[in-house]
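Chains as they are written, first to last, in our numbering: chain V, 89 to 192; chain Y, 339 to 517; chain X, 7 to 681.
Hints should not be assumed to be uniformly reliable.
Which residues of chain V face chain Y? A partial, calculated answer using Cβ under 8 Å [what the hints assert, rightly or not]: (1) Y110; (2) V128; (3) A161; (4) L190.
Think of the hints as simulated: they come from the structure by calculation, not from any bench. Virtual Cβ for every residue (Gly too), placed ideally from N, Cα, C.
Listed here are the chains, written in short residue letters.
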Amino acid sequence: MNGPTLEHYLVFSALLFCLGLYGLLTRRNLIAMLMCTELVLNAAALNFVAFHHFLYGGDATGPVFAIFIIAVAAAEAAIALAIFIALFRHKRQLDVADATRLKL
Amino acid sequence: MMHTILFFCLAAFTVFSAYFVITSRHLFRCAMGLIAALLGVAGLYLIIDAQFLSAVQITVYVGGILVLVVFVILLVADVTQKVFRQGAAWRKSVSAAVCVLLFAGVVFATRAFPFPAPAGNDLKSATIEQIGHALLSPGPGGYALPFEVISLLLIAALIGAITIARSETRPGGPPENSL
Amino acid sequence: MTGLWFIDHLWLVPLLPGLGFLAVSLALRSLAPRVSSTVAIGAMGLSAIVGWGAAIQYFGQAAGKTLVPWQFAWIRFSPTLAGNMGVLADDISLLLVVVVTTISFLIHVYSQGYLRGDAGYRRYFAFLNLFSFSMLGLVLACSLVQIFVFWELVGVSSFLLIGYYWEKPSAVAACKKAFIVTRFADLGFLIGLLTLSYYAKGFDFLYLTSPETIQNLAQTTIPLLGISVLSLSAVLIYAGAAGKSAMFPLHIWLPDAMEGPTPVSALIHAATMVVAGVYLVARLFPLFAASRAGLMTVLVIGTFTSLFAAVIAVTQFDIKRVLAFSTLSQLGYMMLALGVATLDRPLGFTASMFHLTTHACFKALLFLGAGSVIHAVHTNDLREMGGLRRKMPITHGTFLVACLAIAGVPPLSGFFSKDEILAAAWENGHYLVFAVALGVAGLTAFYMFRLYFMAFWSVPADPHRIDHAHESPASMTLALMLLAIPTIGLGFVPFGHYVHRGPLEHAGINWAIAGPAILLGGLGIILAFFLYSRPTGLPARFAAACGDFYSLVYHKFYFDELYLFVTHRIIFRFVSSPFNWFDRHCVDGFMDWVAQSTRLGGQGLRRTVSGQLQTYLLWTVAGAVILIPVIWQMGTTLGWVIALAALGLVAAVFVWQLVLQSLNRSEPLKRIAKD
Chain V
89 MNGPTLEHYL VFSALLFCLG LYGLLTRRNL IAMLMCTELV LNAAALNFVA FHHFLYGGDA
149 TGPVFAIFII AVAAAEAAIA LAIFIALFRH KRQLDVADAT RLKL
Chain Y
339 MMHTILFFCL AAFTVFSAYF VITSRHLFRC AMGLIAALLG VAGLYLIIDA QFLSAVQITV
399 YVGGILVLVV FVILLVADVT QKVFRQGAAW RKSVSAAVCV LLFAGVVFAT RAFPFPAPAG
459 NDLKSATIEQ IGHALLSPGP GGYALPFEVI SLLLIAALIG AITIARSETR PGGPPENSL
Chain X
7 MTGLWFIDHL WLVPLLPGLG FLAVSLALRS LAPRVSSTVA IGAMGLSAIV GWGAAIQYFG
67 QAAGKTLVPW QFAWIRFSPT LAGNMGVLAD DISLLLVVVV TTISFLIHVY SQGYLRGDAG
127 YRRYFAFLNL FSFSMLGLVL ACSLVQIFVF WELVGVSSFL LIGYYWEKPS AVAACKKAFI
187 VTRFADLGFL IGLLTLSYYA KGFDFLYLTS PETIQNLAQT TIPLLGISVL SLSAVLIYAG
247 AAGKSAMFPL HIWLPDAMEG PTPVSALIHA ATMVVAGVYL VARLFPLFAA SRAGLMTVLV
307 IGTFTSLFAA VIAVTQFDIK RVLAFSTLSQ LGYMMLALGV ATLDRPLGFT ASMFHLTTHA
367 CFKALLFLGA GSVIHAVHTN DLREMGGLRR KMPITHGTFL VACLAIAGVP PLSGFFSKDE
427 ILAAAWENGH YLVFAVALGV AGLTAFYMFR LYFMAFWSVP ADPHRIDHAH ESPASMTLAL
487 MLLAIPTIGL GFVPFGHYVH RGPLEHAGIN WAIAGPAILL GGLGIILAFF LYSRPTGLPA
547 RFAAACGDFY SLVYHKFYFD ELYLFVTHRI IFRFVSSPFN WFDRHCVDGF MDWVAQSTRL
607 GGQGLRRTVS GQLQTYLLWT VAGAVILIPV IWQMGTTLGW VIALAALGLV AAVFVWQLVL
667 QSLNRSEPLK RIAKD
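All chains, please: the whole structure from these sequences, using the hints.
As structure tokens, this is what we get:
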């Protein structure tokens, strides 16, 4: 084999994605859920870069998008953490099952 | 050959760290696991010839976002607390099943899809100059507009985060929970 | 269309009171009550003028023809079959128009005085106009459909007017009874109507009474029953007529209908509505004449009713009840007269119509006079009246005239019409019927003069009751005097010249027939004089001597009790109650179930919006996982299988949750809630 092929990277990023998704669905702590979200985002960025490396050499779209993803993740993390802090002040805990005000 | 070994080592390392992220009861261990996973991904960026991105990942992601997360963990969670009720068993099994199915589906799709064979073995990836040009040039092929939009987004996030996390002002006296 | 103005505008006759009804009931509510009555009377008066004009024009220039100056297709069933509404002008319809409009107008005027100051004054005049509209629409009907529609409208108006004193439970019961009995009879009418028009393929009277149609119907037999269409429909339609004209055994509603105000009784239950049945038979006379079964039914029931009612009338003490039974008896006479007529010897037809007219006049007069008496002494009971002839001269005079007319004393109108009926019966060979009719004539004279003497001559049980009795106001006595004129003079009109079917028979007075009639009448009057003109104990002793038979007759042969028994014990218990149960539990239950399951469904689905973020996420991802192979395998059976399996799974989960929700034992939901 001549080094890892595109499929290897794609499978790996899919694995990372699903692991992150599983954590997202299972963890009760809000910050833990945020961290799993970061895993998911990273998997997506890796996917972009892998495609860029193997298929679209000259075009710089891949890394650029990965940079965008990182920037967006930063913004999102900041807001999310701010919300968690505000929530913590009211409830003294960060349990996702408690945050159910938006229901019928 | 080297590539393959490095790839598998880094991949294993990342997955192992991810495992910590998704199952550890200790929140701090979660955060450490995530740092390790992100470092692993940075390593993968290196071997895939995206050095700039690897540097950005470490600097921004690990050094910025994760640090923020760790700060918040230290602020709001009792890190020694071990008693975190986990989700119901049925939720875990169903989620696991769904994720496994999803993974299987993507793998299947990947193997079935006829990707065009790469021209050579050692492709060149974009250099930092090319990335810079792409980021800042307007017009087709340029990403100046998204760049500006993201900067706007970051400002909005900044203002939003400050507003949301600001302690509530009480008439007279310092706020109860000084941040 | 015909060039005769009044006949061309004959549609004004029912329309004017109809508009009056609308105006009084809707538009004039806030104005003074006198305005309502004036409008109503005005509408009726104009209608009467048009009616008289049309009658004069018809009998003067177009006699003998049947004209349809206006009609339109109200319901169209097919290109060839339509239920028409319009105006039909011939001898009997214009006769009835004149009778109805005139008497209705006089009663409108009378009611102004009778009901002055009453709380429901406006409502009364509105309903009177409604009734006039319905009755005139019925009389001028050009097709079976129209007559049926107005038949029911008349029933409704009667219901509304009998129940005028709706605070009295007896009045409410009476109006219900009248409506239900006539409605029940109309079932027969409807079946007969439908049978007839189905086989004849038409509704219009002109078409149905033509010889070809009748021949056709007489020869068509109904498959299952083996009798001709003609006979079956004649008998069934007669059921409706019998109900409206209160023939035995559907007579029970008419005595109770006296609960309404006396002018209403005069108009509806003496002069006009109850003759609708007679009119229907007369309108369809060619059909009845061609059907032996039909004619027999009419004759037998009519004769029996006249005897039956006359016997009961002898024992009643309520002045209006006596008059009600008298009406029943006279209606029986009219039916009897129609029953003895045949196509080649149709004297009975003319006699019936003649008696209808004279009866309308003198019966209305009797009722209005009774109203005047009741107004004066504030009681209906004959035993509490007496000696009124000095106190109420006009009422007394007109009442006496009317009693003489109904007793058949020459030369008043009643003598001529009764004599014609007897002559028709004799000449067509119905000797038994003749004998019964003769007997009824005698009874009629007796009970009418019993009433007269008890009210105007004798001494009341409480002598002071009549101290304050005085003559009624002019609005009431005017009507009395006006009605007395035709009562006296109508006999001299050559009726048969105008109203006839078939060969024109002029019956001069056959003294061989008239003689016994006058004799029996005279005997009745004399007997009544001796028994009732002074307070003697003779009637009471005689009643005691008859004992049980008297009691039986006094209670109207217990027919009311019989009907009540059948309805309450049998129909309510075995028919109405099961239906009621079914309606409440099955029909309502089904509706409730629909609403309930919708509500439960909503509640169950509401639970899916639990606010649990991870649950939402799980569903999203699961949906994506299912969609991937579906889209991938889109178009192939595998794709459909997966899609349907997934939908089934989702539906199953929802249904499971619904069931648990309704059973209120949903464990997974509680666990989710605790998570």
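Hint-by-hint comparison with the structure:
Interface hint at V:Y110: satisfied, since its Cβ lies 4 Å from the closest Cβ of chain Y, which is below the 8 Å cut-off. The interface hint given for V:V128 is violated, since its Cβ lies 10 Å from the closest Cβ of chain Y, which is over the 8 Å cut-off. At a threshold of 8 Å, the smallest CB-CB gap from V:A161 to chain Y is about 6 Å, leaving the interface hint in force. At about 16 Å, the closest approach between the beta carbon of V:L190 and any beta carbon in chain Y exceeds 8 Å, and the interface hint on this residue is violated.
Hints 2, 4 from the list above are not met by this structure, while the remaining hints are.
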